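Chain by chain, the residues:
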Amino acid sequence: MPELDEHTPVLQLNRFDQLRHFLTIDGLSCQHLTDILDTADTFIEVGSRSIKKVPLLRGKTVANLFFEASTRTRTTFELAAKRLSADVLNINISTSATSKGESLSDMLQNLEAMAVDMFVVRHAQSGAPHFIAESVTPRVSVINAGDGRHAHPTQAMLDMLTIRQHKGQFNGLTVAIVGDILHSRVARSQIRALNVLGAREVRVIAPDTLLPVDVESFGVKVFNDMSQGLEGVDVVIMLRLQKERMEGALLPSESEFFRLYGLSEKKLKLAKPDAIVMHPGPINRGVEIDSAVADGPQSVILNEVTNGIAVRMAVLSMAMSGQIAELAADEEVI
Amino acid sequence: MPELDEHTPVLQLNRFDQLRHFLTIDGLSCQHLTDILDTADTFIEVGSRSIKKVPLLRGKTVANLFFEASTRTRTTFELAAKRLSADVLNINISTSATSKGESLSDMLQNLEAMAVDMFVVRHAQSGAPHFIAESVTPRVSVINAGDGRHAHPTQAMLDMLTIRQHKGQFNGLTVAIVGDILHSRVARSQIRALNVLGAREVRVIAPDTLLPVDVESFGVKVFNDMSQGLEGVDVVIMLRLQKERMEGALLPSESEFFRLYGLSEKKLKLAKPDAIVMHPGPINRGVEIDSAVADGPQSVILNEVTNGIAVRMAVLSMAMSGQIAELAADEEVI
Amino acid sequence: MPELDEHTPVLQLNRFDQLRHFLTIDGLSCQHLTDILDTADTFIEVGSRSIKKVPLLRGKTVANLFFEASTRTRTTFELAAKRLSADVLNINISTSATSKGESLSDMLQNLEAMAVDMFVVRHAQSGAPHFIAESVTPRVSVINAGDGRHAHPTQAMLDMLTIRQHKGQFNGLTVAIVGDILHSRVARSQIRALNVLGAREVRVIAPDTLLPVDVESFGVKVFNDMSQGLEGVDVVIMLRLQKERMEGALLPSESEFFRLYGLSEKKLKLAKPDAIVMHPGPINRGVEIDSAVADGPQSVILNEVTNGIAVRMAVLSMAMSGQIAELAADEEVI
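Residue numbers (my numbering), protein chains in the order written: chain A, 3 to 336; chain B, 3 to 336; chain C, 3 to 336.
Each hint should be verified, as a subset may be incorrect.
As the list claims (entries may be wrong) - Chain A stretches covered by chain B per the calculated footprint, using a threshold of three residues with CB under 8 Å from any CB of chain B: (1) 162-174; (2) 184-191.
To be verified - Heads up, simulated SDA-like pairs for lysine to any residue below, C-alpha to C-alpha not over 20 Å straight-line: (3) C:LYS55 <-> B:HIS185; (4) A:LYS274 <-> A:GLN230; (5) A:LYS55 <-> C:SER323; (6) B:LYS223 <-> B:HIS185; (7) A:LYS55 <-> B:SER87; (8) A:LYS55 <-> C:ASP210; (9) C:LYS55 <-> B:LYS223.
What the hints assert, rightly or not - Pulled a few chain C residues facing chain A out of the computed Cβ check, cut under 10 Å: (10) LEU35; (11) ILE53; (12) VAL56; (13) ARG60; (14) THR63; (15) ALA65; (16) ASN94; (17) ASP108; (18) MET109; (19) GLN111; (20) ASN112; (21) GLU114; (22) ASP119; (23) ALA126.
Hints are computed from structural coordinates only; laboratory data are not their basis. Because the structure is a prediction, the values reported are computed rather than measured. Just so you know, even glycine gets a beta-carbon here, dropped at the ideal spot from N, CA and C.
Pulled out of the complex, with its shape left as it was, chain A reads as follows (with noise of 0.2 Å):
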């Protein structure tokens, strides 16, 4: 999707360099990745408070434009918003006026009439999170929720978040990501991030029906065979396999798909020792993944989940102070 993601720094950033809508984690600097990272730090210690709640976002409202319906992910934003103190709507899209013919755009216009701050958009189209971004107020910030095949940038900032709790830094990393490349807009802004921060090495390993024809350009290493990709990584990120996939032939069957790329036990110790392995969930166990491995003492999966919403908070509180910036000096301006 080069040409998406072309004009997004422009788009996501505002004129002091800082975040105000978040799309795509393409053209985003190790700073600023840093800083998201930071931030969410912050609010992993809110998550564990008697008192699960900060003010910052108290009196905005939040909207979920969930074109493509994910209780999870939406469960993390509606969580993350309301321990900011914002004010939630959940928009059931396919019973909204959009299907009483109203257009999208018009929609989004009433949205912004209502003076709601914030949208969380996950839409089956490439592309739709900054589609919209281009098209709002300025008092409008927009959070990528996952847009087809291009971009997760929150699940991808989780699971760096994730790494560098357990590992430190990305400095000297080797990170393998195993399964459906090909789908995956997690495997794309995961490689990305893992590239801006500095991992040494990202490998994908996958069969070739299910990686992409330009995946080098990427920036990874290419395996067709998981005990070789495996060898000595230091992280192991397994994606979740669409069982729709194994119907359209791109796949053998599920048994022959875990015998060649699910993780194992015996499989894992191909990994350094203390390896940790991850997953976006929800997991196929048997699948994708061993059970003994999901549930073993290298996953950190469970703290991906907490770590998410520590992320959302840190996504939806920096681009609403990004969009205040801008707006007062927009003011300032005239």
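Since the structure of chain A is provided, determine the placement of chains B and C on it from the hints.
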């Protein structure tokens, strides 16, 4: 619906002549409507604040009872209630106990017993909110969010607020309402409000098939022809065309309808140069209104949306005050 | 369900003998139940205040996990949690990731990782809330909102609160429960609570086809005939008839059922003159209860609804306190 509105004044006002339910424009005086507009004006300012919240309904519970689906109206009531700091319950009627054979009346008594303070009611049946207001305890206020073909009073009041913002006053104004008057609760409430507030002339423009038989008794001047009806008006209100009507043989094709009753830039030139264009939304672009007009300099369609939140905040808080004043007076009597 | 309830006392109480989950009446002492009723009494007052909110659960997150739809019970838990100032997540199970093949256990672990503090669980399977309570971390409390035919303890406690309000005490009371005992989790919990709280006699009145085989072991006196069973009782509790049962050949027609086991004014005369009439709702008027009785002076059905909010506030806040006390004690040990 004259039989319906005959007793409403008694029903929707308390002994101090204050709003206590909000069911219809009928029976309200110019002063009542002006009070609503003035109160809404104060909430416009709240919507532009950094913290868009006031504690007027803190600790109160507002239940949205939408027997007819409407994401847009439900959302604006939900936002209005939340910005007044109320707790909001969205009751999905189709899945609630009424589908298990519980009577409507039992469901409402249950909500009363849960100490819900306000019911926001939308219903396909004309008069449903009146029926409910007649049966509730003194501890509940009912707000009509649209009933059948009868009334949509908050929509009418947000339109009045928008007109007053742009025209300063109602005296001397000529307002044209264009489209499907026959099926429009919005038009009925607008006509009444405009007459009470002192507009000079209210016109309706529609084919005879889309006009109620007794339309002249509403206090309007009837036009079948747009070029005559728009001549010299200050305000043009376009109604939404329910596309379902097309099939009912009440209407020719969409393109034919647009040719005759759609608002184009050319037709708009017949109105005063500073005329404003309104529409309750959602818009059918190219059916009842041209995009160039909907997005043009005379359109105040998005202002209507913003004003919708303010008017609903006004009505919710005023009806709650009216309820409290009445309860206090009841107690003194005892 | 004796095997289910054997270990529950250990499960639902913390080391200080305080409620920490609320799964069943079984294993709780008269003192435990009285504590719940006394706490609920204090919340009755909150419901009648102008600001119906207390900050007891501020910054806590309560997730409603309704695997079986129930707008009414879900609404009362949602209101109870909001009036305690908690954040509430309604998880629609049918559309959540469990339908994408995620296991229940993975879904719950994810919610724990999001720092959700309480799960309110309704499930068609008897024992599901127990199963969940056994598997959660020490940072989650589980409240049973009805499981299969097993238990509905908050319903039983709101009924006990209603009886105590009207009768002052349980000593010396004769209570009749009428209808489909066989399928009723409500009846099971009521019978247990009445016996623990010291009612003189608990009667069940039903045809043999609607009685569990071991019903006498519950500590009740069995009647097949209403005129004998209602003789001299202080409290009549009517159960909701699941109309689906009719087709299962367990029952004659609705009118035949009403003739034999419905509560009419005439039959009610057999009870004490000051007997109260209860029903968990929603009511099937004319099937298990006559409208004249349901709306009559002896009916306390709507009081039950009001008490339902207070009891749920009590149970939520007590279980949260029990959780916190246990966590604090755990930390001291370490």
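How the hints compare with the structure:
1. Counting residues of the region 162-174 of chain A whose C-beta lies closer than 8 Å to any C-beta of chain B gives 0; at least three are required, and the coverage claim is violated.
2. Proximity of the region 184-191 of chain A to chain B, defined as three or more residues with a beta carbon under 8 Å from a beta carbon of that chain, is not established by the 0 residues found.
3. Proximity of LYS55 of chain C to HIS185 of chain B is assessed by CA-CA distance (about 42 Å); at most 20 Å being required, the pair is judged violated.
4. A distance of roughly 13 Å separates the Cα atoms of LYS274 of chain A and GLN230 of chain A; the hinted pair therefore holds under the 20 Å criterion.
5. For a cut-off of 20 Å, the pair hint linking LYS55 of chain A to SER323 of chain C stands: about 19 Å separates their Cα positions.
6. Restraint check: the Cα-Cα separation between LYS223 of chain B and HIS185 of chain B comes to about 18 Å, which is no more than 20 Å; the hinted pair holds.
7. A C-alpha spacing of about 17 Å is found between LYS55 of chain A and SER87 of chain B, which places the hinted pair at or below 20 Å, so the restraint holds.
8. This hinted pair does not check out: LYS55 of chain A and ASP210 of chain C have alpha carbons roughly 54 Å apart, beyond 20 Å.
9. Restraint check for LYS55 of chain C and LYS223 of chain B: not satisfied, since their Cα atoms lie roughly 52 Å apart, outside the 20 Å limit.
10. The beta carbon of LEU35 of chain C is not positioned within 10 Å of any beta carbon in chain A (closest approach about 28 Å), and the interface hint is therefore violated.
11. The closest approach between the C-beta of ILE53 of chain C and any C-beta of chain A is roughly 18 Å, which is over the 10 Å cut-off, so the hint fails.
12. Look at VAL56 of chain C: its Cβ only gets to about 14 Å from chain A, farther than 10 Å, so that hint breaks.
13. Interface hint at ARG60 of chain C: satisfied, since its Cβ lies 6 Å from the closest Cβ of chain A, which is below the 10 Å cut-off.
14. With its C-beta approaching chain A no nearer than about 7 Å, THR63 of chain C sits inside the 10 Å limit, and its interface hint holds.
15. Checking ALA65 of chain C against chain A by beta carbon gives a least distance of about 9 Å; that is within 10 Å, so the hint holds.
16. A hinted interface residue such as ASN94 of chain C counts as satisfied when its beta carbon comes closer than 10 Å to some beta carbon of chain A; here the least separation is about 7 Å, so the hint holds.
17. With 10 Å as the threshold, the beta carbon of ASP108 of chain C comes within range of chain A, its nearest partner Cβ sitting at about 6 Å, so the hint holds.
18. Hint on MET109 of chain C holds. Least Cβ distance to chain A is approximately 8 Å, under the 10 Å limit.
19. Because the smallest distance between the Cβ of GLN111 of chain C and any Cβ of chain A comes to about 6 Å, under 10 Å, the interface hint for this residue holds.
20. For ASN112 of chain C, the interface hint holds, since its Cβ comes within 10 Å of a Cβ in chain A; the closest pair sits about 5 Å apart.
21. Interface hint at GLU114 of chain C: satisfied, since its Cβ lies 8 Å from the closest Cβ of chain A, which is below the 10 Å cut-off.
22. Residue-level restraint check for ASP119 of chain C holds (minimum Cβ-Cβ distance to chain A is 8 Å; threshold 10 Å).
23. With its C-beta approaching chain A no nearer than about 20 Å, ALA126 of chain C sits outside the 10 Å limit, and its interface hint is violated.
Hints 1, 2, 3, 8, 9, 10, 11, 12 and 23, counting from the list given before, are not met by this structure.
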